[in-house]
Amino acid sequence: MATVGRALLILGLVVAVYGIFAALYGARTGQRAWIDSSRRAMYAIAGLMTFAFLIIEVAFLRSDFSYNIVAGASSTTTPTFYKAAAVWSTQQGSLLLWVFLLSLWSSLALFLTRRRVREIVPYATAILLGFCSFFIGLTILFANPFSTSRNPPAEGAGLDPLLRHTTMMIHPPMVYTGYTMLTIPFAFALGALITGRLSAEWIQVTRRFALAAWLCLGIGVLLGARWSYTELGWGGYWAWDPVENAALMPWLLSTAFLHSIMIQEKRGMLKVWNVSLILATGTMAIIGTFLVRSGILSSIHAFVSDPTLNISFVVLITLMVVSSVTMVIRRRAELRSESQLDSLFSREAVFMLQNLVLVALTAVIFWLTFFPLISEAVTGTEQSIGPPTFRPFVVPLALILVLLSGVGPIIAWRRVTVANLRRNFTFPVVVALVTLVVLLVAASGVEAHLFALLMFCFAAFALAAVAQEFWRGVRARRAMTHEAAPMALFSLVRRNRRRYGGYTVHAGLAVLLIGVAGSSSFQHQRYATLKPGQSVRIDGYNIRYAKPTATPSAQEISFGAVLNVSKGGHHVTTLHTSYGIFPSQDPSLGVVGRFFNSGSVESRIGLDAGATHDIWTVVNAANVPPLQGYITKGDQKFAGLLASISKLPAAAQPRALNTLFALRDQFITELTHRFVTHPWPVQFLLIVSPLVSWLWFGGIIIAFGGLIALWPIPVLARRRVRSAAYAARLARELA
Amino acid sequence: MEFLLVMVAAAAVILIVSAPFRRVEAEGAEAEDVGKSSKVAELEAAREAKYREIRDAELDHRTGKLSDDDFSAVDRSLRAEAISILQALDRAEKR
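Here the protein sequences come in this chain order: A and B. Note that my numbering numbers the first sequence so that position 564 is 564, with each residue one more than the last. Numbering-wise, my numbering comes out as the position in the second sequence, counting from 1, plus 735.
Keep in mind that the hints are not guaranteed to be accurate.
[To be verified] From the structure, some residues in chain A lie toward chain B, with a derived Cβ separation under 10 Å:
1. I45
2. G268
3. E382
4. S384
5. A476
6. W696
[Claimed, not checked] Which bits of chain B does chain A cover? Going by a derived footprint, with three or more residues having C-beta under 8 Å, they are:
7. 739-751
8. 775-784
9. 787-794
10. 799-810
Hints were generated in silico from the structure; no laboratory data involved. Glycine is no exception: its CB is placed at the ideal position from the N, C-alpha and C atoms.
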C-alpha cells in the first residue's frame, strides 16, 4: 500500500495546484463553476489525505516494518494505543497529520461559507490550498511517510519511552488542530484585504474557527504541561521551552483577537488591529510548526528535527509576513475606524488595554525564545535563556491580565458612570481586600511573595466579578420568567453563550493563575540520596524510603521505590516511583549491557495530588555502579558463549541460542533483583508544591467555557434575532 | 490492486472537482441566483452585530451595569444605528 500512499500524496499536490489556479481564475473571471471546483478540490484533498493517513495508521497497527517510519518508531511490543499515536511521533507522520487536519478544517470552513462572503472565498480557498501544497510538497520531497525498505527489520526500534503517555494520544492532534484552524481566519483575512471587503463579515464567518483553534490550542498546551509534569521527571509543568512558547504565542494572540473582534463587530473600530492580529496569529502558527519540526532551537518537547525543512519554512514564513504587511499597508485607508472610543471607562477600552498586554506578552516571549538564535548570529555563541529571564517580564503582565479579566465582565460597553462603577466594583473589591487580609493573617510568610499575593487578590477579584455577573444575570432572568434558579442559570447561559462562556473562561483563568502563583512561589524541593529505611523531611512531611522494587522483563528493566509519607506521626500517603530502562538494539553495548546501559529510559513519578498541595517524587536509578562489574563479566561470558555457538553445526545453533537466551534472561532477572536483595543508595527528587491541582482545574474550566462559547446558537435564539428585527423595523416605522 | 486503487482515487477526484462544470452544462447559470449580493450579505452581517449589541445593552441594563439614563441613551443610539442599517438593507434588496 506504500505505492498507493505515495500516489495519493502526488495526486493531492496536483489537485491542490489545480485548485489554486481554479480559485484565482474563478475570482478573476467571476465564473462560479471554477470557484466551486476549487472548493471541491479541497474536499478531494481531504479525502485523499484521510486515505493516506489511514494507510499509515494501519501500517503502524499491523507493525509493518517495511515502512521506515514504522520500523523507527514502533515495535511489536508497543501497546496498540501507542502504536496508533506513534504516527505523529515521527517527522513524516507529523507533517502528514498537519496536512490531513488542514484539509479537513479547510473543507469544513469552505463548506460553511459556500454561499457567503463570495468575493473573499476564492482567495481564501487559494491561500488554504497554498498551505496544503506546501505541506504535501514537504511530505513528498523531504519527509515521505511512505518510504519503504527492501529488507525490513524483524523488529522495530519502538516508541520513545517519554512519549508513552496517555496525553500523547491527544496532545499533538490538539495542538495541530489549533495551528491548522488558525490558517482559516488568516486566509479569510488576507482574502478580505485582497478584495477590499473589510467589514465585519469575514470576522463573522471565521470567528468560530478562531475560537475553536484557541480552544484546541489551549487544551493542547495544557496537556503538554501535564505531560511535562508527570513524565519528564523534573517536577515542573512549564519551562519556557521554545516549543511550549511556540504554542503559547498564537494562543495569546488569538485570545487578543477574540476580544478585539467584538469591538470591530460592535463599533467598526480596530480594523487594522484585528486584521494585523489574525495575520500575525496565522504566521505564528506556522512559526510554531517550524520550531517543532526543524529543531533550530533545542527543546525538551522536540523529538525529531530536520534542518532540510528550514529553508522551505523560512520561505513560507517570509511570504506570509511580506504579503500580510503589504496588503495591510495597501488597504490602510479602507481600514480606518468607523467610530471612536466614547470613554476610557468602557469595556472596549478595557479590551484595548487587554489586547496591548497580550501583544506585549507575546512580543516578550517571542524575543526571549529567539534570543539564543539571535545571540548566536551576532556573537557566535548561543546564549541559553531560562525561566528566570522570563519571569520579570511575564509575571507583571500576567497580573494585569488577571485583573482585567475581572474588570471586563463588570464594565459596560460605550459608557460608565461613577455610580455604576461603585455598584459593580464594590463586591469584587471587597472580596479581593478580604482575601488580602485573610492571607496576611493566616498564611505566614506570604508577604515575602508580593507577586503571588497580588495574584491571589486579583484572581479573587476576577472570580468575585464573574460570580456577581452570573448572580445578577440569574436574578434578572428570574424576575422576567419566574424560573427556578438552576433553570434560570441554564437559560441565561444558553441564550447568551458568548458572554457567559467568556465569563467562565475568565473564572478558569483566575483559578489557573492561582495554581501557577501558588505552585511557583511556595514550592519546596530537595534532592535526597537514601537507602531503604532512611527518611528525609520536606515542608513538614517525613518521607521514608520504605522498600526498593525491581521488575525485569524483555521490554523493560524497572527499578522502583516505595515511599511512606507522614506528617505529625500520621500516615499521609504511600508513593510509588520507578525508573525504567528500555533495552537498546545496539549490540556494541553487550549481551547483558544493552539491557542496563541503554539511553532509552523513563522516569515514573510518584504523585499524591490534592486540592491544597501535591507531593511529588521521582527516583533516579540511572547509575547502576554496583551492577557494572556483574554486567561486564556477563557480557564477556555470553560473548564467549555466542562465539562458541557460532562454531556449532547450523542445525544445532537455534537450540543452543535458545538455551543461551534463557540463561541470559535468568542472569538479568537475578541482577535486577539485587536492587532489592542488596539495595544501594539512590537519589530522589522530592517536591511539595501547593495548588498545582488548581492549574489543571482552571484549565478544565477554561475548556468548558470555550465549549459554551463555541456551541452553535440554538434555533430559539435565532428566532429572537428575527423578533428583534421586527421590533427595530416597527421602531423605524413609528419614527 | 494498488494500481486499481490509485485509478479509483484519481477518478473520484476528477468526478468531485469537475462536478460544477457538468452542473453548469446541465442546469445553466442557476447557481448565480443562490447567493445574495455581497452588499446585502455585508449589511445583514452588520444588522446581526447590531442586534447582538442591543441585546447586550439590554442585559447590561438588567444586570445593573448600565443605569436607566445611560441605557436609554445607549439603546436610543443603537436602535438609530440599527434603523439606518435596515434602511440600507431595504435599498440594497430593492436593487
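Consistency of the hints with the structure:
1. I45: Holds: closest Cβ of chain B sits about 9 Å from I45/A, inside 10 Å.
2. G268: Since the shortest Cβ distance to chain B is 9 Å, the answer is holds.
3. E382: violated (46 Å)
4. S384: Check failed: Cβ of S384/A comes no nearer than 48 Å to chain B, outside 10 Å.
5. A476: Constraint on A476/A satisfied, holds at 4 Å.
6. W696: Check failed: Cβ of W696/A comes no nearer than 31 Å to chain B, outside 10 Å.
7. 739-751: The restraint on the region 739-751 of chain B holds, since 7 of its residues have a Cβ under 8 Å from chain A and three suffice.
8. 775-784: holds (count 7)
9. 787-794: holds (count 7)
10. 799-810: Answer holds; 7 residues pass the 8 Å Cβ test.
Against the hints set out earlier in the document, violations occur for numbers 3, 4, 6.
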